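Asker: Using the sequences plus the hints, can you model the full thing?
Number of protein chains: 2
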Amino acid sequence: MKIELAFEARMRLASHLPPTPLVFASALSERAGRAIWLKLETTQPTGSFKVRPALNGILSHLDEARARGVIASSSGNFAQAVAWAAKKLGVDAMIVMTSKTSPYKAERTRALGAQVVTCGPSFKERWDTTYRLQRESGRVLVHPYDTSETIAGDATIALELIEQHPGPATVVVPTSGGGMIAGVAATLKQLRPETRVIGAQPAAGGAMARSLEAGKPVDVGGFDTIADALVASRPGDHTFELARQYVDGIVLASEDEIRAGVRFLFEEQKLLAEPGGAIAAAAVLAGKIPGTGDVVCIVSGGNVEPRILQEILS
Amino acid sequence: MKIELAFEARMRLASHLPPTPLVFASALSERAGRAIWLKLETTQPTGSFKVRPALNGILSHLDEARARGVIASSSGNFAQAVAWAAKKLGVDAMIVMTSKTSPYKAERTRALGAQVVTCGPSFKERWDTTYRLQRESGRVLVHPYDTSETIAGDATIALELIEQHPGPATVVVPTSGGGMIAGVAATLKQLRPETRVIGAQPAAGGAMARSLEAGKPVDVGGFDTIADALVASRPGDHTFELARQYVDGIVLASEDEIRAGVRFLFEEQKLLAEPGGAIAAAAVLAGKIPGTGDVVCIVSGGNVEPRILQEILS
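Protein chains in written order, with this note's numbering: chain A, 1 to 314; chain B, 1 to 314.
Everything labelled a hint here was simulated from the structure, so no lab data went into it. Computed from a predicted structure; not experimentally measured. For every residue, glycine included, the Cβ atom is placed at its ideal position computed from N, Cα and C. Hints should not be assumed to be uniformly reliable.
Stated by the list, open to error - A few chain A residues facing chain B, derived, Cβ under 8 Å:
no.	residue
1	Phe24
2	His165
3	Gly206
4	Gln269
5	Lys270
6	Leu271
Answerer: Here it is as structure tokens:
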């Protein structure tokens, strides 16, 4: 990733999104025996970091998007983020969701003014439907993780972090399709190479971990995890290449470890994080981040359904 | 309050407590039609701002406290804060709680190493027991709100705020006995007089509001509120004087408005605040903060029992 893309994204986003806070986590630091910091993407509009790639994706093609609308495929945070960004920019948005999408998430997306199209239950059907509707409508496709605009949008997290933490640090990044870790790692390694960048991924899937071991993108097939934001079965081609070049390692968190992370952030840090958003903190709590010195956990989102939260806390 | 006391408190606290974050609240700002900022005291050790006055109280008499221990009277956040501060400073702590104190809070206080003494159910019995044990034991009394050390500890919130927000702003402060609003208002009005300082108090009690109207401290007697951190029936003498001198007004929030504030912070801002901690945001949400321009809400604590939270969210 050319670092200029990250700087350009930051300039584009500047008037829409103030930097998210980097918060010292006193209870987690005490537990871990080292200084732990939390980068709170949960404070973003729609409750996750996804407004960064959504806004950068639309702003990079704004005239076209205003003329023809945008289309995106997502069952979760990216759907709400695209809907929010489109509304803010006066752009019509269509979101394709599978029939398995929770009514709660579909409703929140509709409430932001987007048109929600429901297709069959599989990941493949979702993408087939998205590409078909994109061709038929001529809408601009906004990809959730594997384009340079998306990755550059995610990279703005790292640009903020460089101003907020003096370094050196180990930065732990929730990982699924790889957009966030690609953008964050590429930026940090170019601008502050002494930073270590570690991905955290549900052990149930582990697609990025296995892909890095194999030296090429691996599809691990369907899997179940409570971290419903981290369910990509294969990294993107671009994100994989960047991860191979820049990422120091991936740690895997079990379902119990992820739940413990959500619980700890909630009870001790008074922060609501969804399972996927809590996975970096969960990895710290489980003692899985090697080395000493400061750790920055990206808390990527907070959109957990009440009944899931209740189940985790009980 | 001599402003030097606030600066001294900050120097004392600096190596123990990093500044708490000031976070832009995008969803609340959108709702309110003005920029709303949240000062997150929920990120403090033990989950509330009370570690500031507790630490400043003990550090101001450290040799004595180490030799003879400390005693405090509280049923909630101050109990945990004193226990935490005492443990950190190698000081023995005794906390007097009434028989009505929730087992959850007593347990969290004991877990921090403090000795918990239980007395009869009333506020008066709690103080009678505290003063008696203080005389018998010679322990140093740490007062929750009405001493210059406490008020100066609370004032450090305002010193941080001045560095974090360029001003001008309206600052909304949860109000009970008045320690926090006294320290915050006295500091802001001396160092940045264009700031407006508004207290937010449960309408069920409203002791500070009625006292300011009456021109003297008024005892409103017992009352019920979900904001169990804001139950003082009368402001302190010192805090009242400072409030009279420096505070621009008090707004009252109904029980429903307080609940709505907790819900909004939880669902839209992904923050866990207890009812008393959410009351400033609740007042904003209810449209009760007059004027235009930026508003800073102090989110004073996040220690809400799971069953209370569940009741509020359902």
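Asker: Hints first: check each against the structure and report whether it holds.
Answerer: Tested hints:
Interface restraint check for A/Phe24: the shortest CB-CB distance to chain B comes to about 5 Å, inside 8 Å, so the restraint holds. A least Cβ separation of about 12 Å between A/His165 and chain B goes past the 8 Å threshold, and the interface hint is therefore violated. Restraint check, A/Gly206 versus chain B: the minimum CB separation of about 27 Å is more than 8 Å; hint violated. Hint status for A/Gln269 relative to chain B: holds, with the closest Cβ pair at about 7 Å, below 8 Å.
Evaluation of the A/Lys270 hint against chain B yields a held restraint, the C-beta minimum of about 3 Å falling below 8 Å. About 7 Å separates the beta-carbon of A/Leu271 from the nearest beta-carbon of chain B, less than 8 Å, and the hint is met.
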